[in-house]
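**Student:** Could you slot chain B onto chain A? The hints should help.
Protein chains: 2
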Amino acid sequence: MGATETPAAVRPGRKKKRNPFEGKGRARLARLISEAENSSDRAREIVNSVLHRTGRAHVIGVTGPPGCGKSTLIERLALQLRKEGSGGGKTVGIIAIDPSSASSGGAFMGNRVRMREASRDRGIFIRSMASRASPGGIPRAACDAIKIMDAAGADCIIIETVGAGQTQTDISRTVHTTVVVVQPESGDIIQAMKAGLMEIGDIIVVNKSDLAGADRTATSLRHMLETGHYGSWVPRVVKVTATSGKGVAELARSIEEHRRHLEASGELAQRERTMALNEVEKIIEEEMRKELARKMEKIKVQKDIESMVARKVSSHDVAKKLMMRAAGKCRKKR
Amino acid sequence: MGATETPAAVRPGRKKKRNPFEGKGRARLARLISEAENSSDRAREIVNSVLHRTGRAHVIGVTGPPGCGKSTLIERLALQLRKEGSGGGKTVGIIAIDPSSASSGGAFMGNRVRMREASRDRGIFIRSMASRASPGGIPRAACDAIKIMDAAGADCIIIETVGAGQTQTDISRTVHTTVVVVQPESGDIIQAMKAGLMEIGDIIVVNKSDLAGADRTATSLRHMLETGHYGSWVPRVVKVTATSGKGVAELARSIEEHRRHLEASGELAQRERTMALNEVEKIIEEEMRKELARKMEKIKVQKDIESMVARKVSSHDVAKKLMMRAAGKCRKKR
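So the sequence lines, in the order shown, correspond to chains A and B. If you use this note's numbering, the first sequence closes out at 334, no skipped numbers anywhere. If you use this note's numbering, the second sequence closes out at 668, no skipped numbers anywhere.
None of these hints come from the bench; they were simulated from the model. Be a bit skeptical, because a hint or two may be false.
Only some residues are given here: those of chain A computed to face chain B with a beta carbon under 10 angstroms [what the hints assert, rightly or not]:
(1) E45
(2) H52
(3) E267
(4) K282
(5) E286
(6) V309
C-beta: ideal position from N, C-alpha, C; glycine also.
Bound-form chain A, shown alone (with noise of 0.2 angstroms):
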């Protein structure tokens, strides 16, 4: 958009108003994301050497039942946030965790099918994820693209996942601001509540708010939020038409507005120390699961499985079988 290019050359140190995502920088991105993605190690390697340039970006998540509008949502997010900051407008990195296809094992890419205005805009980076295997929904690899991102110069990076099952406490502990996306007076509210949602949101979004009950919805969202016990920072309940974009404005500053709370509070130390772990965590899982993969291509089980399905043994013996055999490289004790 209006942003400068200043060559990389006269570049001193980082400068603010350059655009990441613009010509080479673009390309580069893409490619290095992918290389962490397919190789733990490439991973630390990239992740290493831009290490010392990140720490800037403003790390957000959304989250919601499929088909409350996220993707919708979170374009017009990026937008609206383009428009803002000094100078050219904010820069935007968007990482959509599509939940794995089964026989595939890719991801379904139709975000950036989806997000069409939002991939025309050279400030903004879209990228699509598998979230493979990982327990939470948030593969160890959207933890890498948040820091080459970052390193790139991204003030603001929106992390997408839906939000069942497991993934509702990973996002919170991969983001500093979690905003959660339902729709009025569907059944949502109360399948978000049961995922647990509407505790790890600081921000709850209405999408859809020209739906009638709208109103209504918001107006208990906040009573429920303020009648609970959340510390320091009260869930705002914003109430967004992503369709129209009628309340995106009103997120975005309810976003920054949280950002300032986390930096005021001394909550963001917090938040980072919560990030760090759950990195540390995510990459000693993908290994430890790694590993499990490569002891039992190696075991020969057919002959255990044979015998459980006449059910001779049960899953536990030859689960406790297993697992002695593999520890049986560990002296005495493990």
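**Tutor:** Chain B only, in chain A's frame:
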């Protein structure tokens, strides 16, 4: 209901028409499942002791996006199955996996409340279970509960999971027959395809078929499934209105057809092998997860975390250090 209670003393082996969910049997079942849930060692004891009586129940998975009406459908299906089978109707075990709440860590326990009619039927046993930290959304304890209900004499066991994120492959590896539930014309179908749900469904239920567009949805689903490659079984599409019960008898018939197909085609043995392997993996994963938690607790990570927040060291380096320290108890190479 009409089941004849045979006193345990005169029971010749294991009589089919005894209702295992009545009286003391019911309380015992609840207790055993809780014990198995709370301790994997105890689960091993219990499963080993009942193993010889397992292998008769038909295990059915029901999955779909939040709000598609799974609970109501399952209740209706269970009540339908109660009317079927010779003498006294089939007995049905239900395991409802609730997404864990972030703060409480426990299940929402909403299903027993929602399935009011089913919970009054003495031939139906309903159990809610938190998904906890299980990567695929189905906890190890659910597999134990299947075994325990099977051994007790359940004819059918229905597992309910929310179909988003990773849960999709997990459910199909846990059951004989996978039922995927969608709503007509909703974004559900695209979301379900995204989540790989269509690839795992042996039966697709278009629920809320009284809504507009149900016929069109069912027709396009059928077309899609017939033109795809699905081996010897072409997934059935069944229109259901769970609230009124319309189509539920047909669903029960389709499930029975699928069971017969599995037996006749020899695919049953293959599925049981997959289920067996899945169980073993779940147990090992849980143990590895516990082991990781124990290690992380012992190791002082506070200083590393602070270095990470200060951007002095990367998550990858900290993870590597911790893993090497943990592996340090092993000889030379792991």
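**Student:** So which of the earlier hints does this model not fit?
**Tutor:** Checked against the structure, the only hint that fails is number 3, while the rest are satisfied.
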